[in-house]
Structure formats: C-alpha cells, structure tokens
Amino acid sequence: MTTQDAQCPFHGNSETRGDDADSARASQHQVHTIPSQEAADYPVADWVDVAALASDPYPIYARLRAESPVAWVPQLNKFLVTNYAGCHAVEQDQEIFSANVSGATMTRAIGAQPMLRKDDPEHSADRAPVNPVLRPKSIKEVWGPVFEGNAETYLEKVAEIGPHEADLNRDYAAPVASQNLIDLLGLKDVSVEQVRRWSHAFIAGMGNVLDDPAIWERCDASTEEADRLLEELIPYYRQNPDASMVSAWANSGLPASNVAANVKLTISGGMNEPQHMVTNMVWALSNHPEQSALVFTDPLLWAAAFDEAVRWQSPIGMYPRETTRETILEGVRIPAGAGIGVVVASANHDEAHFGDSAADFDINRPKRPHLAFGSGVHLCAGHWAAKTSIGQIAVPMAYKRFPGLRVDKQRNESWDGWVFRGLTSLPVTWN
Amino acid sequence: MPTITYTQPNGTQQTLEVAEGTTLMRAAVSNGVDGIVGECGGQAMCATCHVYVRPEYAQALPEISDDEDEMLDCAAAERTDRSRLACQIKIDAELTEIVVDIPAGQL
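Just so you know, the protein sequences line up as chains L and D, in that order.
When we follow the working numbering, the leftmost residue of the first sequence carries the number 1, and every step to the right adds one.
When we follow the working numbering, the leftmost residue of the second sequence carries the number 1, and every step to the right adds one.
In short, the hints are calculated from the structure, not lab data.
Some hints could be false.
Computed cross-link-like contacts, DMTMM-like style, restricted to lysine to aspartate or glutamate with a CA-CA straight-line distance of at most 25 Å [claimed, not checked]:
(1) L:Lys140 to D:Glu94
(2) L:Lys409 to L:Glu165
(3) L:Lys400 to L:Glu67
(4) L:Lys140 to D:Glu78
(5) L:Lys137 to D:Glu17
Here are some of the chain D residues that sit facing chain L, going by a computed Cβ distance under 8 Å [to be verified]:
(6) Gln13
(7) Val33
(8) Leu72
Beta carbons are placed, not taken as given, at the ideal position from N, Cα and C, and that holds for glycine.
Generate coordinates for the entire structure from the input sequences, incorporating the hints supplied.
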C-alpha cells in the first residue's frame, strides 16, 4: 500500500474543504465496517462520512474509538488513530511515525520544508532558536504587555459595534490573534488584514490536493509578498536584534530559506488556533454559567478554563504522520509508507483516559495530560503564548470590559471543520 | 546495565535497567512510569518531567542550564534544591545509577 498525496493544510490532510464535496459524494453509501481480515489485515471504517465530520466530528470519533481506534479510512487514504493511547504512542516515536510525509502540499504552499514536516535532528535545528522567545518568562514579561495592548484596542472596537451587532470572532478574536502574531513574529508594519490574507492563502494552498490553479495563484502571491518582506527583515534583525521570533531565527545561523519557511509556517498555524480559543472559551463558559461563576470569583481558575476548553473543543483536530516501516499500533498491523491521521480531538474525548465524563466541559475535572497542543518534539511551540495571550489576557479582559458577556441566542453561531475546528461566527451580547 | 529508580509519592519504587544515552524522562515515558508526562519531548519547554533527585546523586549531575532553571520555576509541584527536569539528565558513564522521587503532580 502506498499513500497518496498528503492533503492537509498546516497539520495535515485537507481541512475538508475543496475536496470535501467530492469525498462526501463518494462516501454517501452507509456501509458498515467490512470484516477487515477478508480484505486486509486491519479494520476498515468505510462508513466515515467526511461531510459529517466537518459539521460535527464527535459522534464519528466516539464510534471509531468504540469499534476500531486504529482503522483504515479509505475516503481519507489514511489510518485514523482516535484513542488516547494510540495517539500518544505515535507522538512518542518519530522514527516509525515520521512528520516528513509524502507529497506534502505544505512544502509546495510555502516554497520550502518547514520544521513541522521534519524529524530530529533537522527539526530541532529549526526549532531550538525560537524556544527561548516562547518560554513562559519571555512570554509573560516581554509579550504580556503587548498582548494586553492589543486586547484593549479591539475591545474598544467591539464596544463601538455594540451588544446587538458584535461578533466575537470577526470583531475581536480574529484581529487580536492576527496582531499578536504580527508582534510576536516581529513583522513590523504589516496590517492585520494582510497577515490574515496570507495565513488563509497558505492554509488553502496546504489543502490544495486538487491542484486548483486559483488557490495556487493566491498562495504564490502571498508567499511572494511574505518572502519580499523577509528579505528586508532578516538583514534588519541581524543588525538590530530584539525579542521577536524573526529576530531569533535571523540570528540563529540558519539559512534565510529555513527562516522564511518557518515564518510562513508560523503565519499559517499561529493565527486560527488562538482565534478559535477566544471564541471556544466564551462559548463554553456562556453555556456553563455555574462554572463561569466560579471563574469570575477566582481568577486563578482562568488557567483551568483555558485548559479544559482546549481539550474539550480542540482547534487542531488531526495532523498527519507516515510510517517509515511496518509496525503494530494498538494491536493493528500497519504497513510501511502508510498515511496516519493522529486525531487528537478524539483522543481528548477518550473515556479510557478521561473517565465517563470525557465528553463534558468540566473545569474541575482531575488534571490529566491532553493532546490539544500535541506532545513530543512537535509540541506546539506557541503553547505558552496561547495560554497567556488568550487564557490569561484576551478572554479575561473581555469579561472585565463587558459584564454579562454571553452568546447572543437571538443570532446564529456557526462551527466548521474537523482537521481544524472552530466557531466561524459567534454573536455575543452583554449587559 | 545502568539503573534508574523512580519513587512514587506513595513510596512504591520501580527500577528500570536502561541503555547509556537515554534520559530519565525518555526511560520513564517509554516504560509507562506514572507521574512523568514529558510533554515537550525533551526540549525544556514544558516542566512536566519534574523530579526530586536524591542528594547522594547530586554530584554526578550536569549543571542546571538557564532554560532548565526557568522551566523549573513553572513546575506544578514545589521546587526544591533537589528539583531537576528528568529530560535534562542523561544516563552515561558518569551516571550509572540514580534514584529520584516523583512529585505529586506535573500539570
């Protein structure tokens, strides 16, 4: 068996846009799991409806975990790993489960191979220079005040829009996430809108498995704009180093092409997820008033609220790996060269790890490790930045500015995606 | 073979025989030792492999780097003068035996 092109934006397979419609049509027939031993040595889950995954993946994840937590899903051309133990085992072994997957559209999209598609030691050489920027001390002391300023700016705009019209995603989460990323990277004078456009163009390119020329055109235009900016910024930061990520990379001794690839990776992956966490948290707290009351009286609980929200509705649902040799995972024999989808959103609802209440939002649940940021060497580089900028700053400040902040049930909210999942609109109101 | 002994907060001990070159974090995670998470895979980015090293082995340990020092401040359990990150301690010719205590929490 061989894998086809990796399909995914950023962390892997298609965000289930673009090619989704086709996959959905192909999987209309509702056939139950083939007794796999007849055809192959592994369970096959050909009943998985990709369109349904994008609208609400959790019932499908629950069935996969119950029936076959490591299963071949032909519609996705991958083995999906959906339980905690399996996902964790994959993440602990980069020799068998490589991040350097075949046919990576990610590499095509941003013009070079970023660290997320490398294994160690190549990965480590790219990543180590920015780790000091992203450790908690730098995030808190250097970047905390910057994140606060950005939150302040956009809270004022939300106030102008008012409690009948405000959309927390459009008016707050999106611009705050974008400006935070611009500052942390050190992109200087680019606009919030421009970086959002780049980010979306890169993500679309990473998911462009059908080779849509219009998507490549937009992606290439953004790559060119970002590259042109970096041609100026890298020499600038070599002369004028500061606490930003581009500065750290520019002064690391890495070739400029590595720096550019990883900056573009960061632009792709460092915006949607913190954006989704702003809205996820407010949505979760709004729908659990008894728990929000606890958080409002004890600010130390903001950390638990963030951590539980990122577990419960993980913004990154799945990312790809590829087997370098035949292996056995959770008792299932997987051939060499097979595509693997590590479904961390499902692992984060695994009753075997989190108990019977795994599907519930509970900020008081016993502390257990979750996989929302991944784990192992590819653990999200920005996890301290996210916990701080969103969990300690953007969301608590929004509640302080707007007492009674809550989902506006008079207007419609919307969710989308499974590879990446989040609220695409969240109307809010306040007292 | 070199050995690592992990002591749980309730006093139970588990001794692993390990190859030179492995770290206290990697050996624990690979062998399912409870109480060591090792979330970041050994980059000193997470502080979830915090251990207390028994004083008799302190001499054989490498210095605490600035990165490890910073992350130990973020450990969930109390930092003491015996605190180290298990990912930063490698079993080698200088260190063929060690006993550590696992804190009550890493998260």
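Evaluation of the provided hints:
1. L:Lys140 to D:Glu94: Violated. L:Lys140 to D:Glu94 sits at ~37 Å, over the 25 Å cutoff.
2. L:Lys409 to L:Glu165: 12 Å, holds
3. L:Lys400 to L:Glu67: 45 Å, violated
4. L:Lys140 to D:Glu78: 20 Å, holds
5. L:Lys137 to D:Glu17: 36 Å, violated
6. Gln13: 23 Å, violated
7. Val33: Given a least distance of 13 Å, the restraint on D:Val33 is violated.
8. Leu72: 11 Å, violated
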